[in-house]
Amino acid sequence: VTPTGAAIAMELSQAFGPLPAMTITRIGYGAGSRTLETRPNLLRVFLGESAEMTAAAGLETLVMVECCIDDMNPELFGYLMETLFSVGALDVYWVPVYMKKNRPGTMIQTLCREADREAVIAAIFRESTSIGVRFHKVYRQALKRESSTVDTPLGPIAVKRVAGQDGSERVVPEFEDCRRVAKDKGLPLRSVYEMIGKGSFKPFHLDKIHGKD
1 VTPTGAAIAM ELSQAFGPLP AMTITRIGYG AGSRTLETRP NLLRVFLGES
51 AEMTAAAGLE TLVMVECCID DMNPELFGYL METLFSVGAL DVYWVPVYMK
101 KNRPGTMIQT LCREADREAV IAAIFRESTS IGVRFHKVYR QALKRESSTV
151 DTPLGPIAVK RVAGQDGSER VVPEFEDCRR VAKDKGLPLR SVYEMIGKGS
201 FKPFHLDKIH GKD
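The opening position of the sequence shown corresponds to residue 1 in this note's numbering, with each subsequent residue numbered one higher.
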């Protein structure tokens, strides 16, 4: 290290030691002009947030796995999505894109936890024509929610109870239950949502959903 580099490190740093647990946002490299015989004359700088800061902000660190495909039978995409959800994907979606030679293609974006990343990548390679993927860490901030079943004029319906940041609450019916009721009752799906939305539900304990119990 040069005297100037040592002075900068002493002035800007608060402690020395191993790399802490952190979410890295950027990495920078710099090369010196001297040629050293025993080691490369390089500087590497990491910029990120500590794990404690991320947790305190209520953020969850996840992984986004992406690839683009322009040579796959469209009939296979539905099964690929089912497979990705079965191996731990939290969200999967397709984005229309234009690729090299102006070919229309599809970008596959899969959100998952770090522990499920390898399974998600393996599923993409196995069930699609992709020959390469890219992935990066992302932050997610989500409202507190819990799943439950409520009694409605149409029978029991599975719902998500969601707590807003301002202390409000809302009840969101599950699509599959609404679809089942619509078919059983011979009603338009839209009408089922409207009837459930006008119903009255038992009070819902925000303290519990906010994790205050």
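Quick caveat, the hints were computed from the structure, so don't treat them as lab data. Only a predicted model underlies this, so the values are computations on that prediction, with no experimental measurement involved. Possibly wrong hints are sitting among the right ones.
Taking lysine to aspartate or glutamate and the EDC-like style, the derived pairs with C-alpha atoms no more than 20 angstroms apart in a straight line are [unchecked claim]:
hint	residue 1	residue 2
1	K137	E174
2	K100	E118
3	K183	D166
4	K185	D166
5	K144	E66
6	K137	D91
7	K101	E60
8	K160	D177
9	K160	D71
10	K101	E146
11	K100	E146
12	K137	E66
13	K100	E66
14	K160	E174
15	K137	D166
16	K144	E174
17	K100	D71
18	K144	E118
19	K144	E60
20	K160	E114
Quick list of the computed label-pair ranges, beta carbon to beta carbon [unchecked claim]:
hint	residue 1	residue 2	range
21	S50	L76	28 to 36 angstroms
22	A31	G164	23 to 31 angstroms
23	A158	R126	45 to 53 angstroms
Ideal Cβ positions, reconstructed from N, Cα and C, are used throughout, including at glycine.
Handout entry: Violating hint indices (sorted, rising)
Key = 1, 2, 3, 4, 5, 7, 9, 10, 11, 15, 18, 20, 21, 22, 23
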